Structures are given as C-alpha cells and as structure tokens.
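> Chain by chain, the residues:
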Amino acid sequence: MLRYIARRLAQAAIIVAIVATITFALIHLAPGDPFSAVLDNPNVSESVRETLRAQYGLDRPLPEQFVRYVGALSRGELGWSFSHDRPVSEVLGQALPNTLLLMGVALVGSFALGILIALIQVARRGTTTDHALNGITLLFIAMPDFWLALLALLSLAYWLPIFPVGGAVDPVTHDYLSAGGRIVDRLYHLALPAMTLILLASASVARYQRAALLDVLPSDYIRTARLKGLTERQILRRHALRNALLPTITLIGLSFPALLTGAFFIERIFAWPGMGYAVVYAIGTRDYPLVVGGVMIGSIMVTLGSLAADLLYAWADPRVRNI
Amino acid sequence: MATMRYVGILCALLVCGCSTESSRGGSSGGTLAISTGGDPDVLIPNLLQTTTGAQIVDMVYDRLADIGDSLNVVNDRGFTPRLADRWTWAKDSMSIAFHINPNAKWHDGQPVRSNDVRFTIASTKDSTLGSPAASVITNIDSVTTPDSSTAVFWFHSRSPQQFYDAVYQLPIMPEHVWKDIAPAGWRGSEAAKHPIGSGPYRFVRWIPRAAVELVADTANYRGAPKLSRLVWSIAPDFNGALTRFLTGETDFFPQLRPDDLKEVAKHKDLRTRTFRSLSYQFLQFNLRNPNDRDRPHPIFGNRELRRALTMAVDRAALVRSVYDTLAQPALGPTLRVYPTTDPNLQQIPYDPARSRQILDSLGWRVTTRDSMRTRNDRPLRFTISVPGTSQVRVQYAVLLQEQFRRVGVNAEIEKLDFPVLVEKDRKRTIDATIGQWNTQPSPGAVLGSWGIAGSRSTNGNNYGTYENPVFDANIDSALASVDLAKRKAYFTRAYQTIIQDAPAIWLAEPRQIAGYHSRLDIETLRPDSWWIHIPEWSIPADKRIARDKVPSASPAASAPAQPAGQKTP
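Top line first, the protein sequences correspond to chains H and X. Under the numbering used here, the residues of the first sequence are numbered 98 to 420, in order. Under the numbering used here, the residues of the second sequence are numbered 4 to 572, in order.
If you're looking for bench data, these hints aren't it; they were derived computationally from the structure. Values in this document were obtained by computation on a predicted structure and should not be read as measured data. Where is the CB? At the ideal position from N, CA and C, for every residue including glycine. Wrong hints could be hidden among the right ones.
As the list claims (entries may be wrong) - Ranges of calculated distance between the beta carbons of each label pair, as one might list FRET restraints: (1) L248(H) <-> T392(X): 18 to 24 Å; (2) N292(X) <-> V167(H): 47 to 53 Å; (3) E187(H) <-> P554(X): 50 to 56 Å.
Claimed, not checked - Residues from chain H shown here face chain X by an in silico Cβ test under 7 Å; the list is partial: (4) G129; (5) T148; (6) L149; (7) E174; (8) H181; (9) P268; (10) T270; (11) Y273; (12) A368; (13) P370.
One chain only, chain X, in its complex shape (with noise of 0.2 Å):
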C-alpha cells in the first residue's frame, strides 16, 4: 500500500517513457532505488573508502577481471574476464599480460587502452595521492605497456594471491580524465563529480544528501544492464534509510537488523534474502595499559584472566540473543566463508567454574557485599565501550556485562559517539571494545588488525596490541603457500594460536539481511559485495510501477568531465 500512494501522483505527472533498448537477454527496463544511511565519499576508485561509495564506483568502473562467485584468491582460478578478454601468465610467474578487450570504451566514447591500466596502478602507488589502496597493491612492482591492447603486471615476488592483487583490488581509471590533475587535487576536481568510466552504468548526477543517479550505458562492450536506472536514495542515518524502504520510497535495502523482520513482515510488497557476510564481531582486551602503554594492562596483560573472562561467556546463548539464527558463533579472526578456514578450530569452552576457579588461583577473590572480585583491594573492573549508535554492540555489552557479573567481574558500559570511538581505539586508551571487521576475500587482511606490525604502527588498526610472533610466523607462511591444504594447517595454526591467547573473546560472524521490493528479480547476493550482479537483475514489464517508467535518458545528464583546474583543499 506504502507503495501504492505514489503511483496516482506520479502516474499523473511523470513524462512518461520507456526504453526498448537491448539488454543482457532480458528486456530492459525499471529503476532499482537503494536505501542507503549517507553519501559515498568519494567516487574516485582508488580514494573511496565507503560501501556506498564502493556500489557506485563498482557499476561505473570495471575490473580487469571479476573474482567470481567463489572469491577464491589463489592464482585465477574462478575470475572471469572483463575489462581483460584474456591474460598469460609469465613463465616465471613474475608477471601476467592481459589483454585489453579491443571493444571496451569509456562512456565519453574514447577506447580503453593498456595506457590507462599502467595510469590506474602508479596513481595508486604515488604517495602524494594518499590512497588506501596503495597498501594493498605493495607486491605489484610495475606495470608495463607493450602495446595500446596489452598491459603487463610485473611483481616483486612471486605470490599466490598475485592475480587476486593485480586485479580485485582496483577497478581501472581512464588516463585522459585525470592524468592533467594534481593527485592532491583528485578529491575536489570536477572529473571527481562526473565520474567516467567503462562499467555497466553511466553516472549521471550525485545531489549531496540526496541521491546519486546513474543510467543504464546501453552501448557497453559486455551488453545493456537489465535495470534502466539506479538511484541511491541517500538517508541522513541508519533508521531514515529504513523506514524509506518501509514505506516504499525505495526498492532495496541491505543492511536489515534481525529487529526489524518482523516489520518488514508487515508488508505484502516486500521480501527479504539473508547471505553470508565478510564480518566477524569481537570483545576486544586492550593489552597494554592505556595510561601507560610501555606496561601491560594490569588486568588484560594476564593470557589466563583474559581466557577465564572468555570462559565465561557462552557465546552461543549470545548469538541466540542478538541474532537469533542470523549469525553463527565466530571462530576467530576469520570466517567459515574462506575455504582455508577449519569450521572444526578448537575453542576456549565455556565454563563459568572453570573460570572462577582460574580467577581465584590469580588471586581475584570475592570480598565484597555485592560479589565482586578485588585483589589487593583493587576491584576486577573494567569498561566495554561501544558506539551508541549500533543497537547490535549495545546488546551484546549488556548480555556480556551480566555474564561477567555471574564470575564476579564487573563491565562497566560505555555508549560513545563513533569518532570518540574510533579515536579512543587509535589512541589505545580504551579497556575492552566490542568492534566489528568487514575484510576481503583474502584471510590476509588479519595480519594489519591482530599482528605485530598493526599493534606497533602509531595509528595501525591492531588497538588491542596483541603480539605473536608465532601467529605472525604462521600467517605470512599461509599467505604463502600455493598448496591448498598447506594454506590450510598454516592458518589453522595461526587461528589456534590467537583463539587460546584470547586477546578478544569471538562473538559472531553475522549473515547480512536485504530487503527488497517482490516486483525485484534478483541475482545472487555475494558476500564480499552483494551489488556485483546489479546489472543483471530486472523488473518484469508487468510489475513496473510509476518510477520504472521515467525516460532512460536523464534531464539532468552530465557532460563528459574534462580535465579540470587543479583545485587543492
């Protein structure tokens, strides 16, 4: 019915139209708008940070190759070309030719060219660019340009992930659009707001805190999307996105919370698909003492108290809690979804005795009236700080708080704006923190978040500081390896290794929820980017509603960005 209440007004008021055009053998046609909680941040491919931000670029741009649906990362097993009708590998494995596809064209008309995959990869390289990206492409040495049709990456080692690196990480970037501009000025040039690329969508217009708009590229090389337009129906916030999509202001929602099935329930028009994620959740001890970070942390320092405090939580019955069926305990630092992952890995049980036994023989006694422990008359307390806008990490502070209090632990909570949050975990001036990562298809993003490099970089992301040489040792080895089931034993090694020093306790690898409109044929939902396969959902004829009979061609369509003045902040 939410639905329902615009198609009178628009109906009578849209300057109808609808495209014919060919598309990827189906017919064309339809608008897809998705709820989103804030714009992207940029649409550059190798500045942007966000997801949203990684959903546009990624129907805008291409890869070389796609990753596939099994998002195996070892040698090119599983990718399928796209920018790249092909690739030879060097001899020596040392570096891979692709070979450009010769009808692939940016939506300006100009022809890719092997000149603008050389361009994509030393931007990212150049340090004045400060891309995020740049740290992930450290093994790709060069690439060269033999001829206009053929781009060769040249590696510093030989690695099994080396196809994955050259090709998942960075979609391409048209050299003629942005070699005249200062890396430092990337951000703010007018190419940044016209985006152009050589994807299954032709960017259109982005009104901040509104919406971004892009059309079908009818004329790509790998044929018509099968939506005519998609519109990211930009939300001030979580809950704004939400009720969008509630009331039928949107088609497409990815982000529901176990919470909010039952009202999605409540509408006939809408559906709702779970899939797996790339995130797993975390207690997380700080290690080392805030006040002083050469000292151990006089609680978390001690490997058995952070076992026994793991001991005590059974983190099933907290799964059941939050997430009912929708999450699964989590094993480690990783995720069952990686085929190098034993589902088997042995945990630190829970056992509330067992753990009350441990923090009696550390000398934590119960002496207080209210069953705390103390020790030298320094009570066994600490704070879990969370941000306040995440309802899941809420819950799971109070549930993890009341089954500390069952030991005799007492968890204090502290709700926190995000950016207190993230700059208190910087610092390391929190006790205990309840985070989420969102990794990649490689298991090798663990080493940046729990290794030793992470932990002793000022601002790495491992704010636990935990160290390990030996969980180091056996990751590097792991990533190493070529052999599946020696990558395997190398991280089950590493996850054993970090799961019995317990410097987290691991609470859930989450299943993701979306919600959509039932007029919606939709493709499978990958777990790295539920987006990818877009182009090839549609909207049967029959279904259409107001909004998916606008004109395919916008009102409000950019000209082709040229090389722009060379803005700086």
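Okay, chain H solo, but in the shape it has when bound (with noise of 0.2 Å):
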C-alpha cells in the first residue's frame, strides 16, 4: 500500500509541475501586464513603469523569468503578488481554508442529499416521485454552475432579501459580534454560496447512487433479506445501501476536480474569499505568480483528492486492498 501511495505521489508531483509550467506560458503569453490596469493615468511616466516593471523582474526574457521562478519554487517559495504586495503563499494561505470549508461542506452536503434522493427514488422506484426527482436532477445536472449562483443571488439575496449578497462574514459587523454571532454571521453567509454547489453536484450523485442500488436490488442476498421479512427500507439502508456506495465513493474522487472548479465561479459570484476568488482576480490583472501558485496548489489538491478516493475505496472494499 506504502508504494502505491508513494507512485500515485511520484505521479501527482509530475502532473503539478507540467500543470505549473503550462499555465506559467499560457498567463505570460496573454496580452496585458499587471501595471496596465493601475497605469492607465494620464500622470504616469514611462520611467514609472519601467522602475516598476524592473523591480518585479518583467523586464526579463520569459525563459529567464521562469528559470528564477522555479529557483524559487525549489527553496519552496511561490512567489510575490503583484496586485497584493504579499508573497503568494500568505495569500493563498489566507484563501485556502475558505475554499476547503466550503468545499468540504459542499462535498459533505452533496453526498448526502444526493444518497438521500436515490433512496427515495429506488424506495419509490416507477412512481411519479421517482420521475419527478429523475427530471429535477438532470436539470441540474445540466445547469451551468455560474447560472444557478446567479439565480440564487438574485431570488435569495436580491428579490427576497434572506440572505447576504457575498463575502465570508459581514465586514461591517463581524468583529464586533459575539463568539455565537460570529458563527451565526459565518453560516449565514456560507449558506448560499453552498447550497449551489450542493444542489449542482448531489444531482450527480443521485443519479450514480439509484443506478448503482438499482444494480445491487436484484442481488441474492437482497432476495435472502426479503425472505428474511425485513421491510424495504430495512433493505434498503442495511444491506443495498452498503453495498452500492462502492461507486459513489469512486465519485468523490471525481467530483473532487469538479467541485473545486464549480466553486472558483460560485466564489467569483459570491464574492467568497477563497483560491477561486483570488485566482479569477489574479487572471484579470495579470498577477503571474498568484495565477501560477493557485494553479498549483489547486492541481495538489486535485490529485490528493483522487488518491484520498482511490484509498478510501480500498479501505471499503476488500477485494481491491491487493490490487
């Protein structure tokens, strides 16, 4: 097991690095520099911008610019941000648990809904309860992400004003509310930007889910059970439930790489300060580093989030431990 983790990292590492690299080209290679949206002022004079350009090291060849950058990424530095004056790991490290708080109760969220709409369609399985959840999760499978949290903003923030229109915590108030406050004023602000990624993804999951306790209802020991005289739901949630989750559990591995996309535009909407937020807004003023460092720290946690999956499947199903 030790040396299947220790590929899957060897392997991990190298996906990080042609990522980091691709993305590098790509970012230098688009038009617009990151002084372009501060320097459009009729006072700016081109020595400015060209002490500025010096002092960040742009005034480089690009092949040298990225060999200093991996020389820094070797003495494990990401780099500095240009449009925040603060070394991109400070940045990035005061967005990531954002994002992962939102992701995890995302991910959390998503499943269990969406286990828990498969078990009322296969417990009602031919009805129009079943059809109807059938319609409701394609549609969400095949509603835009950024549309959604769209319409959430404007129904649930806008046109009935439940909840806040963005942030991670009222700026206004936060600091001066109690311990309990603080945590009210937190969920309440994280309530809408997940419930988007919660409602998108557990689509996904109930359809996997019903498909796979579809698989596993005709199974011998379901029909033993039956004979047994346990009721449906018994079934159900004792033995079909266990035994379907294998599937789903492969998922997580895969909606891993979807969540954290989804949540780059729902936090770019909701204004959630997390990697999402701060690599959208990096892309737009041209912040090399930060673009770069998110990047990769977003590749890391996708290929840790599949091994996580393929591990956890190991440890469910016993067959596959030896593999």
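Please assemble the complex out of the two chains, which come individually in their own frames, going by the hints.
Here is the structure:
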C-alpha cells in the first residue's frame, strides 16, 4: 500500500509540474501586463512603468523569468503577488481555508443529499416521485454552475433578501459580534454558496447512487433479506446501500476537480474569499505568480483528492486492496 | 426593507456600545459602509493609483492645505489650512514656507514635523521608489527645514500652479515610519499594511477582497470627525458593489449608472445625488498606421476624413441616448468645471450631408450593394475597440457604428478585456477606441494625453499619436499665465486647434451619480474627490441602525507600525 501511495504521489508531482509550466507560459503569453490597469493614468511617466517592471523582474526575458521562478519554487517560495504586495503563499494561505470550508461543506452536503434522493427514488421507483426527482436531478446536471449561482443570488439575496449577497462574513459588523454571533454570521454567509454547490453536485451523486442501488437490488442477498421478512426500508438502508456505495466513493475523487472548478465560479459570484476568487482576480490583473501558485495548489488538491478517494475505496472494499 | 433584515439579527448579537466623543460641532457616532468594486492598490500616498486607495489615504493622511471646493489651482486662492496653519511666499515667489500646526500629531502620538514634509517630497522624487506622483512635482526642487515646524518648498521656476503642486498632489507621510525601509520594499512592508497618518481617521485593518476599516481619530488636531467608523466593503466587481448597496449591506455607492436609477428608486431608504466629475469621454482615432508607426494611418491620417467622421455623429443625440440628462456633450479635451474653459468653444457641426460630400471628394465613394464606401477597392472600414465590461462604452460604440453606417462607413466593434485594451492602446495597435480620461483640477494634464511628448514616448498616454505644436505651445503658455483672462485665451486657442484637427470625437462629459442611505446627512460631493467632506457627514442619533452602534474601539485595532524588515519582491 505504501509503495502504491508513493507511486501515486510521484505521479501527482509530475502532473503538478506540467500544469504549472503550462500555466506559466499561457498567462505570460496573454496580452496585457500586471501594471496595465493601475497605470492607466495620464500622469504616470514611462520611467515609473519601467521602474515597476524592473522591481518585479518583468523586464527579463520569459525563459529567464521561468528559471528564476523554478529556482524560487525549489526553495519553497511561490513568488510575490503583484496585486497584493505580499508573498503568494500568504495570499493563498488565507484563501485556502475558505475554499476548503466551502468545498468540505459542499462535498458532505452533496453526498448526503444525493444519497437521500437516490434512496427515495429507489424506494418509490416507477412512481411520479421517482420520475419527478429524475427530471429535477437532470435539470441540475444540465444547469451551468454560474447560472444557478446568479439565480440563487438574485432570488434569495436580492428579490427575497434572505441571505447576504456575498463575502465570508459581514465586514462591517463581524468583529463586533459575540462568539455565537460570529458563528451565525459565518454560517449565514456560507449558506447560499454552499447550497448552490450542493444542489449542483448532489444531482450527479443521486443519479449514480440510484443506478448503483438498482444494480444491487436483484442480488441474491437482497432476495434473502426479503425472505427473512425485513421491510423494504431496512433492506435499502442496511443491505443495498452499503454495497451500492462503492461506485459513489469513486465519485468523490471524480467530483473533487468538478467541485473545485465549480467553487472557482461560485466564489467569484458570491465574493467568497477563497482560492477561486483570488485566482480569477489574479487572471484579470495579470498577477502571474498568484495565478501559477493558485493553479498549482488547485492541481495538488485534485490529485490528492483523487488519491484519497482511491484509498477510501480500498478501505471500503477489501477485494481491491491488493490490486 | 433590505436594510432592516440585518437589524433583528444584529441587535441580538452585537456587543453594543455607542461612542460619545466630542466632534466637529455635531454628535458623534455611526458607521458609513461604502461599496467599492475592488481593493485599493496600496495605502501609501505617493504610490497609490486607484480611486479606492485615494479615498482611504485621504481619510488617514492630511495635506499641508486643502484646495477647497472652488478647485482653483492658481496661486493659493481658495486653499484652506490643514497640516500647515499658515504659509508665507518669498518675495521672488521661488519658495513658500509652510508653518506646521503645532497640535498636529501622527496616529502613533508622534508630533508632525517639518522633516516629515521634506521626507515626503524627497522620497517621491527618488527614482528607485517609482512614484507615479513624481512627474507632477517636477517643479519642486527641494524642501528645506530651517526649524522643526517650518518646511520651505523651493521651486525650479515661478509658476501659477506652484502652490497647487506643493500641496495638492501629496499628503504628508511620517518620516519615522518609512525612513529605514528601502524604497523598493515599501509596497510589501508592514508599514504599508498598517498606515499611520495624521488625518481624521485611523487605520484599523485591511482584509483583502473583503474590507478596509477606519475609526475616527478622536484626538485629531482638527477635531474628531462626526462619523465614528468608515468601512469600505469590497465586492469583486461593479455589479457586486451595486448589489450590496441596493440590498442595504452598504450605505454609499458613488458610481451609479443612469440605468441603475430605476432600481434605486424602488428602495424607499435610498437617495441619489448627482455631481460634476473630472472626466470626459471620446472616440479616439489612431493617427499612425498600427502596423508601421512611421506611416500615417490609412484612414485616420487624413484630417479632412476625421472631420467628416465627426460631422457624421450627432453628439447631442448620443449623449441623450446614453445618459439622458446626466451628461453634456464634451467640449474637447477639457471640462466645463475648469474656470479656464470657454463653454462656447466652436465645434465641428453635425452635418451628415456635408460629411458625405467630404468623403466623396476624398475618393471614398459608395460602390457596394450595402451602401458602404470604398476607394481603390479598399473599404472604408475600421475597428472601434472598447472594454467589454463598460456598459456605457459598448452602448456608445453601437450608436456610433449606426451613425457611421448612415454615411457609408463600416465600423466594427471589438470588445476586449480591459488589460488587453490597455496593452493595445499602449502599443498603438488600435484603429479607434472609446476612452475616458479622469483628470485633475489642473487642466495641464491634457499635455500628457494629447501632447507631443505623450505621443513620442514609448509608453506615453497619447495613444492616438496626435501631434500639433500649436496645441502644445498654447497649453504651455496657458499654464505659465497667472492672469485668468490670458490663461483662458491660451487654453481656448489650444482647444480650438485640437477640436478642428479632430483627433477624436468628443463624446460626453458625464455627471457622477452617488447613491446613499437616507439616514446619512452628506455634504458637498466635490468633483475631484467626492469623499473629501466625509469627516463632516453624520447620521442623526434617532436614525441609527445596528451597524451604527458598534463600539468605536475595534477589537482588531492594529498596533502602530514599526519600521519593518526590508522585504523586496
């Protein structure tokens, strides 16, 4: 098992290196430069622009910039964010917990909701409820994440002002709230972005889980359980679900990149100060080190998420442990 | 109603407290939450570029004197004391001695000294810092400090604007905070993250992409400001900032568009106020060939053709379509708010028939089935580049496209990402672009954006490369004139020259529209900086909501910054 993990980690390192190199090249090739927006001022002289570019090493040829960047990486430095005037590691260090919180809640919530929907559908298979839930889940799968996010924002934050329009906390009052108040404030701000991600991800989980449940229902052990007199609910929960969970566990690994990408848009729309918000902002401002650093952290999260899912699968199914 | 949704929750959860400190002649207390669509760039006075940065810096730092609401830039007429309680001109006008208010203190308790003034100017002029303000204080030779309370500005030459140059461009910075930090490391230093000024508000915190918070400096030498707390609520973009204002999460949004007014009107707690801005919009032609800058542009290199295009555009109708009554057609590269601008500048008239005649005479004739003009089989076609995120500029582009079509000119619209557009502008690879210059109280900035130096410099701001020595000479003469009548006459000649040369079609001089919560008592919104009177704004005690009642001392208040390690990028 340890050799397997080591091999997967080595593969992950290669993937991350390739992703970082491609991202570095692409973002530098994109038109514009980090000082274009802030220097759009008739009073800024040419020498100031040149001084700024030199300060950040942008006056060097691209290959030299890349070599310097790789050198810094080898020392564990992700570079200096132009737009934040802070080390990239510090910027991402503040953003990552917010992304993990949002993704964590979305991951747990979407699997819980998805499995629940699948159980309801299978328990009432062939009925109107089953068909309706099928249609609803299909709708959410087909729905672009940014569109649902905008719809949620408009309907639940603007037309019906139930939730705040953005941010992780209320910047005006958060620090002046009691401890309980701060928790409520954070949950209040988390609700809408998390709900959007949960709705989107749970639809896929529900369809996977429904199919897996329907696969195991004709099995001999289910028939035996029925013959023993167990109720349909007991059969579904105790016997069918446990065995039908294996494909869903695989889905955790697959949904990790999808959730992360989805979170990028969701964070931007809900101004959730996570990695996605930071990286999308960095792309707009051509903050090269922050873009590359963010993409690297994202690819590390995806590869580790995939590895975790594989390990979870092996833990859940003894048959695959020695493969 | 939107605002009220917070009241219930917050009243239950807030650790309540109300400040009762003395202030500028009114009751103290209340929080002003300002919506903004992006972080400030830096909070260092001589490095900042963004408007949000300027708003915060102007609250934390102080200038030697304030320009006043008249925005006069000649001599010291209209300027009011700030850090300097008085000043004395030398007989030959080559120097001005500023006397520092003895009660003025930095927020860390240190007194403000003349050394701080000298340091501010010297550091701004230091080329290793790369200050954008360096180019606007070139007439200041140096600052000497005969004693700790007197700072003497020495100038290279007498100029009507030398007082303005000395006091308007830069707030004064504390030497003891910055002197030990290498200029290249200022942006990343701890001192930059915890600015210490002498202004009416103290810095509390800056949470990137979330908020900047200031609290009233109750011991300020000019008296405590009326509002206890200012918070800039940072949204990811314009729309996010607008939504926060409309839902009551913030109290003030200074960038409403005409189209937003209907939405604001639906909220009974919200009010709007329009005020003059220092910006003008234009369709700028590139007069040089984008593929070979040594040659004239194949279309716009011809002055008569540019005039014909200008005649094809009904500028008044365009302004009505885009802004209704909230803008006037631009007069030229200037603003009506300048006392030196003649509002009756002679314009190229709207005359589509004459436009067609000129185009015919230049050999551009309608030959194709779609009524478009060609010459030697080359179509009269060009591209108008606009930032896709600017609704107003896109709207303008569409309307211009239609007006050009009516005279047989094919204009295509190219919507670009803002950094891409700036890059194309700077490399002069555009055909035409809809631009906007946000200027200063001095009309002198026009030389950078339309003068010869701005055209010939590799990274100059005269993107259209318009060059006319007559225009430059008249602006130079105007800037050197103390006499208002002469000054106005020179400016008029310069503007008349550029209007007739038509390097651009002068589109609009928009008014700014600010939205605010009805519980706020706001003062004059000044065209150059609407925020400058915030210390005099107030919220009556009986109108306060939950966020107005937070304690004035912040739990997250930062310790005074110490000179920090010399981090470099």
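> If a hint holds in the structure, say so; if it does not, say that too.
Going down the list of hints, with the structure as the test:
Distance hint check for L248(H) and T392(X): the Cβ-Cβ separation is about 21 Å, which falls inside the suggested range of 18 to 24 Å. For N292(X) and V167(H), the hinted distance range of 47 to 53 Å is not satisfied, since their beta carbons lie about 40 Å from each other. For the hinted restraint 50 to 56 Å between E187(H) and P554(X), the CB-CB distance of approximately 29 Å leaves it violated. Residue-level restraint check for G129(H) holds (minimum Cβ-Cβ distance to chain X is 3 Å; threshold 7 Å).
Given the 7 Å rule on beta carbons, the hint for T148(H) holds: about 3 Å separates it from the nearest Cβ of chain X. Interface restraint check for L149(H): the shortest CB-CB distance to chain X comes to about 5 Å, inside 7 Å, so the restraint holds. Nearest Cβ of chain X to the Cβ of E174(H): about 11 Å, over the 7 Å cut. The hint is violated. A least Cβ separation of about 6 Å between H181(H) and chain X falls short of the 7 Å threshold, and the interface hint therefore holds.
For P268(H), the interface hint holds, the least distance from its beta-carbon to any beta-carbon of chain X being 3 Å, beneath 7 Å. Below 7 Å, beta-carbon pairs count as interface contacts, and T270(H) has one with chain X at about 5 Å; its hint therefore holds. Checking Y273(H) against chain X: minimum C-beta separation of about 4 Å stays under 7 Å; hint holds. Hint status for A368(H) relative to chain X: holds, with the closest Cβ pair at about 5 Å, below 7 Å.
Because the closest C-beta pair between P370(H) and chain X is about 5 Å apart, less than 7 Å, the hint holds.
When each numbered hint is compared with the structure, violations occur for hints 2, 3 and 7.
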